[in-house]
Structures are given as structure tokens and as C-alpha cells.
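Colleague: If you read the protein sequences in the order shown, they are chains C and V. If you count the first sequence from 1, position 47 lands on 47 in the numbering used here, and the numbers rise without skipping. If you count the second sequence from 1, position 83 lands on 83 in the numbering used here, and the numbers rise without skipping.
Hint data in this document are derived by calculation from the structure and do not stem from the laboratory. Each residue gets a CB set at the ideal place from its N, CA and C atoms; glycine is no exception. Misleading hints may appear alongside valid ones.
Unchecked claim - Selected chain V positions facing chain C (in silico; Cβ < 8 Å):
| no. | residue |
| --- | --- |
| 1 | 109 |
| 2 | 143 |
| 3 | 231 |
| 4 | 234 |
If you want the building blocks of each chain, they are given just below.
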Amino acid sequence: MTLLRHLIAAVVVAAIVAALSYRVGAYRDYQIAEVSAYVTAVAGLTVLIGLSGQISIGNGAFMAIGGYATALLLLHQHWPLAAVIAASTAAAAAAGGLVGVAAARLRGPYLAGATLLLAVAIPVSIADHWAGLFGGDQGLTVSVSTPAALAAEPTRYYAWLTTGVALISLVLLANLGRSRVGRSWRALRDDEVAAALSGLNVARLQVLAFVVSAASGGAGGALLAVVTGIASPGAYTLTLSVGLLVAAVVGGLGSLAGAVWGSLLYVFVPTYLSNVAASHGLNSGASSNIPIAVYGLVLVVVMLAFPSGIQGALRRLFGSVAPSAAVPLSSLRSLRRRRPASPHQPASPHQEESTL
Amino acid sequence: MNRPRKAAWATLAGVTAAALAVAGCSSSSSPSSTSTSTSTSTSSALTASAPGITPTTITIGSHQPLTGVAAPGYDEIAPASNAYFQYVNAHGGVYGRKIVYKYLNDQYDPTLTSTVVRQLVLQDSVYAIFDGLGTPTHLAVAPFLNQNKVPDVFVASGCECWNSPSTWPDTFGWQIDYVREGKILGQFIEQHFKGMKVGFFYQDDEFGKDGVKGLSYEIPKSQIVAQESYSTSNTNVGPQVAALKAAGAQVVAAFSVPAFTALLRLEELGLNYNPTMVISSVGTDPTTLGGLMQAFAKQAHAKIPAANTLIQGIYTDGYLPSLGETSNSWIALFKMIHDTYIPKLPFDGNVLYGEAVAYTFVQAMLKAGRNPTRQDLVTAINGGLPQGPAVAPYIYSATNHNGMQGAYMAQIKNGLVTPIGPVEVTDTSATGPVTTFTGSQPAAPASGIPSP
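Go ahead and model the full structure; you've got the sequences and the hints to work with.
Modeller: Next up, the structure:
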């Protein structure tokens with residue numbers, strides 16, 4: 001039943017996007033493709049943080065792995081695109097497994113620090129070392145041939161392609177969240193000790209969560225490289241990793257719909273602000289810096305007004321009786337210092353409800 | 001089961017709202033070029049002959065680093081081009097049309113370049129991309145622009161790669177390419193520093209590699225003792241400078257952007273290492289370097305000598321008239337436009353560059369005809385352009401899309417790039433000689449606007 005509902009929802013969204021892609025201009029199609037690529041990556045992070053209770057400030061690195069794998073496979077192996085995206089996802093998942101093994105031993109700020117390292121190190125090592133393979137700062141060009149039927153509108157093809165992959169990822173993640181694995185993740189997020197006492201293999205589950213989020217990041221990175229036509233270190237800086245985290249948190253942790261809201265915000269708000277700033281005749285110094293400041297302000301306001309993210313706010317608006325299912329960032333155990341569970345501070349019961 | 005359903009409704013409602021919002025703010029304009037007739041008779045009406053061209057305006061776009069590592073200095077280029085366009089607009093425009101110049105910030109990040117250029121072409125329907133700045137950044141969009149047959153004119157980069165008329169027929173370089181520039185600097189080193197040890201310091205991309213290629217064509221292999229590259233994503237150049245010093249390089253030839261020229265010079269100062277510096281014109285604008293050095297020193301809480309002493313004596317080259325030659329008609333023209341439209345910016349090499357490349361664009365537009373299609377602009381440049389503000393002629397033809405063919409050697413003296421030799425011209429081959437240009441530069445038109 002759950003699977004069916006998720007599939008129906010995916011088909012409905014696919015139909016809306018397909019219809020939309022005819023209505024809007026080529027640049028909106030490009031933005032739809034961008035949003036879908038980010039949704040794919042952010043959804044993995046939402047699952048990692050919202051369900052398994054771990055944190056990563058380094059998921060941009062998995063996008064880099066996906067993006068570069070795509071570029072290299074298309075340049076040197078000329079595989080079909082579907083195989084390239086699958087292989088890039090697998091490469092990132094493998095890297096996620098390695099990181100996950102280390103991450104499962106770390107908690108709270110130490111885990112955040114370790115993943116931060118990844119976000120900082122990957123672009124630099126790509127640019128500075130092995131420049132021959134990865135093309136240095138300039139990166140690698142990614143060119144994909146468009147099917148003949150859509151040759152006149154390549155951006156529409158990208159919009160369909162990325163939305164398709166994003167929806168497949170979302171359906172898979174939603175079902176995973178509803179499965180035994182998802183329930184186990186929630187159990188160890190709320191109380192690791194209790195979960196272990198109940199017979200759950202905590203370390204294995206944590207590594208698995210990292211593999212899943214890395215795979216999503218890899219798929220998102222592969223899509224972004226295809227859409228923008230380039231894989232270069234400048235695209236995968238710390239800013240991207242933090243941006244993904246912000247999108248997941250602002251959208252609403254513990255809810256895949258939150259990943260969509262977060263990604264929409266991430267793509268549209270800065271562009272919109274730049275255009276507004278540019279059209280008000282400010283000097284170029286101001287008009288190029290103001291959007292960055294205002295974007296920060298928007299994020300601060302959203303977090304103040306809706307601590308459980310946009311999805312949490314929507315739930316409050318449309319389902320007034322239902323308690324908020326999205327998890328406020330502050331309630332995550334992984335972000336607090338580890339301490340024995342106190343009877344006076346039980347894990348808030350509504351966390352059990354987080355739905356995917 | 002009540003709760004999940006409500007959640008699903010909330011999600012669906014949100015999706016629909018967002019979809020409507022996207023549809024609502026989308027622009028319905030899709031590029032359509034139907035008119036192919038290009039009447040050059042002066043009496044014909046002005047038509048919307050191509051995307052971005054209306055009876056009253058020509059809209060062009062660009063990607064520029066307005067913030068980030070490449071912004072210092074380079075962020076003056078687009079405002080300077082715009083100042084020249086405003087001057088032209090105020091004096092009759094191009095066949096009566098006003099030029100609207102929309103330049104977006106790509107922060108020198110190729111992925112962002114990809115996004116902003118798609119916005120300009122797909123959403124804003126610009127007629128052409130003009131003076132897109134940067135080698136790694138512009139390489140990300142050249143295939144897209146050529147696929148869409150958008151004129152990609154006068155890229156602000158001397159990469160030899162823009163000269164690929166068979167794969168990229170719509171892309172044109174403008175400034176002297178880095179291979180030619182490297183050869184001219186290399187010949188100078190070969191002639192004036194015979195037998196001395198030479199080290200290279202270069203940006204690890206096509207910009208640096210092309211420059212090193214040109215240098216290597218002229219400097220004997222036995223003299224080259226070290227080749228050190230840097231990446232723009234890593235501002236620590238300590239290891240490279242230490243390696244140059246350790247190799248005993250007495251002359252350092254650099255292909256670096258201004259920020260890294262400044263870092264190189266400060267690092268040398270820290271290591272008490274004083275080689276003779278020969279640096280590509282890309283990284284030697286004295287005003288920009290001075291500002292950068294003060295800023296870097298302030299960050300490090302270090303006391304440094306006045307910037308002018310730090311850059312005094314650097315050898316470089318120039319392909320536009322020297323800012324110091326106030327009697328030169330081109331300098332006088334561009335100074336006048338600078339003073340009128342952008343008096344707050346310093347009148348430095350970047351501003352001169354922006355105005356000069358804008359002048360060249362107006363030359364090309366006038367040649368393209370009264371009601372030009374996109375192809376008309378490409379055809380016009382393929383037919384060659386008159387020399388204009390450059391000290392050496394352009395090489396434009398259907399089979400060559402490089403720009404200027406030569407430059408003069410110069411030295412920084414008291415904060416000014418001062419010519420120390422005649423204009424030298426050469427080609428991009430390994431064996432082609434570097435020869436002295438025998439022609440002379442025509443004076444700027446009195447009106448300040450090229451004649452059709």
C-alpha cells in the first residue's frame with residue numbers, strides 16, 4: 001500500500017513537471033533540472049540527519065565524486081547515460097561506505113568535523129593533485145547527446161531526465177524510510193543505547209545511512225554535471241556542502257518533501273535576489289554582494305519562524321490537528337553532547353512520527 | 001492513517017503552489033530569428049532582426065567575476081565597457097539603437113558561469129555574449145553558445161583555444177593570445193638575460209599552459225631551471241616560491257592573475273628573494289597590484305614597503321596604448337569617457353581594457369549592418385576589423401579567430417606601465433619569428449565612435 005501511494009505521488013509530480021516543462025521557457029526548464037539535481041542530493045542528507053540522526057557537512061564531496069565519475073566515464077568510456085549515472089552513484093556509495101565506517105565511531109561535533117574535512121579536502125585534491133586526470137581548476141567538460149525527438153529543446157530533456165532520477169530516488173528513499181531499516185534508524189536516532197539493547201546493530205545501520213546519503217549525493221552530482229555541462233572543483237566547494245545542509249534543515253528534516261522545498265529555495269532565491277538587485281541600478285559592488293547577505297537573512301528568518309522547516313510549517317497550516325512530524329534541528333541527539341538518557345528529558349514522542 | 005494523508009495533501013498543495021509560481025514568473029519569450037534579410041540601405045526601417053535586437057535596442061550579455069578571487073581589478077572591466085556603450089548611446093547609438101549591456105556575476109566559478117550564461121541566452125534572449133571573462137569559466141560555456149549559434153565575441157582571455165573556427169565558428173578572441181604573449185616575453189628574456197637561470201610561475205590551466213608554451217618556444221631549454229604552477233583555489237604559493245628560490249632562478253617569468261602576482265611578490269619578499277620579474281600583462285596592472293598587496297599585508301598584519309617599490313622594475317608587455325601617454329588620442333578619448341561616466345573608478349589598465357573592447361564591439365556591430373542577424377555579426381568579424389585602439393592589427397578571418405597579433409615590451413616605473421621597446425608581432429607557431437611591427441597605430445576618431 002505504501003509503495004503504491006508513493007508511486008502514485010511520483011507519477012502525479014512527474015506529470016505536473018512534464019506539463020510545466022512545456023509551459024515555461026528554456027531557462028525555467030534548466031532551473032527545474034538544477035532543482036531536481038539538488039533534490040536528489042539533499043534527500044539523501046535529509047535521510048541521514050533526520051532518520052539516522054548522524055550529521056554530515058561534507059556531502060558536497062559525494063556530489064564531486066558523482067560529477068567527476070560522470071565526466072570521466074562519458075569522456076573515456078562513452079557508456080550510455082543511464083549506465084553512467086548508475087556507475088557514478090555506485091562510486092559515491094562506495095566512498096560513502098568508507099566514510100561511514102569512520103563516521104560510525106564519531107559523535108556530534110567530531111562527526112561534523114570529520115565530514116567537514118571531506119568537503120574541504122576533495123576539491124583541493126582534485127585541483128592541485130592529479131590535475132592531468134581531472135583537468136585542474138578548469139575541470140572536465142561533460143557533453144551528453146540529446147535524443148533526436150528532443151534535440152530542439154535540450155533543456156527540456158534535462159528537466160525530464162533529472163526529474164525522473166530525482167523521483168526514483170525519492171520513491172526508493174521513502175520506501176526505505178518506511179521499511180524495517182527506516183524504523184531501526186529512527187530507533188537509534190532517538191536512543192542508541194536502547195536500540196543496541198533491542199538487538200539492533202548500531203554501527204552497521206549508521207554505515208548504511210552514510211552509504212545511502214552518499215549514493216544520493218553521487219546521483220545528484222552526476223545530474224548536476226550533465227545539466228551544467230561541466231565538472232570543476234569550483235562547483236564543489238565547502239559552500240556547496242553547507243548549502244546542501246542548509247537546504248535539508250530549512251526544508252524540514254525527516255521529511256523528503258522538505259528536501260524539495262529546500263532545493264527550490266537554494267536555486268531560486270539567490271537568482272531572484274541577484275536579478276532584483278541588478279535591476280535597481282545599484283553599483284556592481286553592492287548588487288553582487290547584497291543578494292548573499294539577503295539570502296542569509298532569509299534563512300535566519302525562516303529558522304526563527306519555522307524551527308521545523310518549511311515542511312513543518314506547511315503541515316501546521318494544512319493539518320492543524322496533526323503534530324509537526326518534521327524534526328526540529330535542536331532535538332537531534334547527534335548534535336548534542338552524548339549523555340545518558342535522563343528520565344526527565346524523554347525523547348519527544350512526536351519524533352516517532354516523522355514520515356517520509 | 002489520517003495523519004499521513006494530511007501530510008500528503010500538504011505536500012501536494014505545496015507542489016501545486018510552487019508549480020504555479022514557476023509558471024507565473026516564467027518569461028514567454030523564446031528566441032526566434034526569422035528575418036534573414038539584411039538591408040544596408042540607410043532609409044530602411046529598423047526591425048527586430050535577431051534575438052536581442054529591437055528597433056530601439058541591442059541587448060548583449062556577459063559573465064564577469066564581480067566577487068571572489070578574480071574580482072579585484074577585473075570587476076572594473078564590465079562597468080568600463082558599459083561606460084563606453086553609454087557614450088555611444090548618448091551620441092546616436094549604433095544605427096540609432098541603444099546598447100543594453102547586462103553582465104552577471106559568475107564569481108569566476110565555471111559552474112556558475114554555466115548557469116548565468118544560460119539565463120542570459122535562454123531567458124533574457126541576448127543578441128550576443130560579449131567579453132565573457134576568464135579561461136576556465138568561458139570554456140564551460142563556449143560549446144553551449146556555439147550549439148545555439150549565439151555570437152561569442154571578444155572573450156576576455158587570451159587562450160589560444162578561442163581560435164577554433166571549425167568547432168566553434170561563433171567564438172572570437174580579442175586580446176593578444178597567451179602563446180604570442182609568451183613568445184614576445186620569451187624573446188625579451190632570451191635577448192636580455194642570456195645564460196641566466198629562468199623559472200616559470202604559472203596558473204595551472206590553459207592560460208598558464210599557453211603562456212609557458214610561448215615562453216618555451218623562445219627561451220633555450222638549458223636556461224629553464226624550474227616550472228611551478230598554482231591553482232586559483234589555493235592561495236598558499238609558499239612552496240612554489242621556495243622551489244623557485246631553491247632552483248636558483250635569477251629570472252622569474254610569470255603567467256598569473258593579479259591576486260597571484262601579488263601573492264608571488266609578497267612571498268618573495270618574505271623569503272628575501274629578489275629575482276628579475278617578467279610577468280604577462282594579465283597580472284601586472286599597477287593600480288590593482290598595489291591595492292591587493294596592501295590588502296594582503298593588512299590581513300597578515302605585516303608591514304610592507306610601499307606597493308610602488310614592490311612592483312617597481314617588473315618587466316611586462318602591453319597591447320593597448322600606455323596609460324602614461326596622455327597625449328595619445330585613444331588614451332585621451334577613454335579618459336574623457338571615464339571621467340564622464342565612471343569617475344569613481346580609478347583610470348587603470350582594467351578600465352582601459354573595458355572601454356577598448358567595447359569600442360571593438362561597436363566597430364563589429366556597425367560592420368554587421370543596419371538590421372543584423374546573429375550570423376551577420378560573425379560574418380562581419382570573419383571579414384576582418386580595422387585596428388582601432390590596439391597597438392597591433394587584428395588577425396580576424398574565416399580561418400583565424402585570434403585577436404591582436406602583437407604587443408610592446410614595457411616596465412613598471414613609478415606605478416605606470418612604461419613602454420621600453422617597439423611593438424613586436426608574431427604568430428602562434430613554434431618557429432615563427434618575433435618581428436618589429438612596421439606599421440603605425442591610427443588615431444582615434446574625433447567623435448569617439450568608429451565609422452561604419
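Colleague: What are the numbers of the hints that this structure violates, sorted from low to high?
Modeller: none
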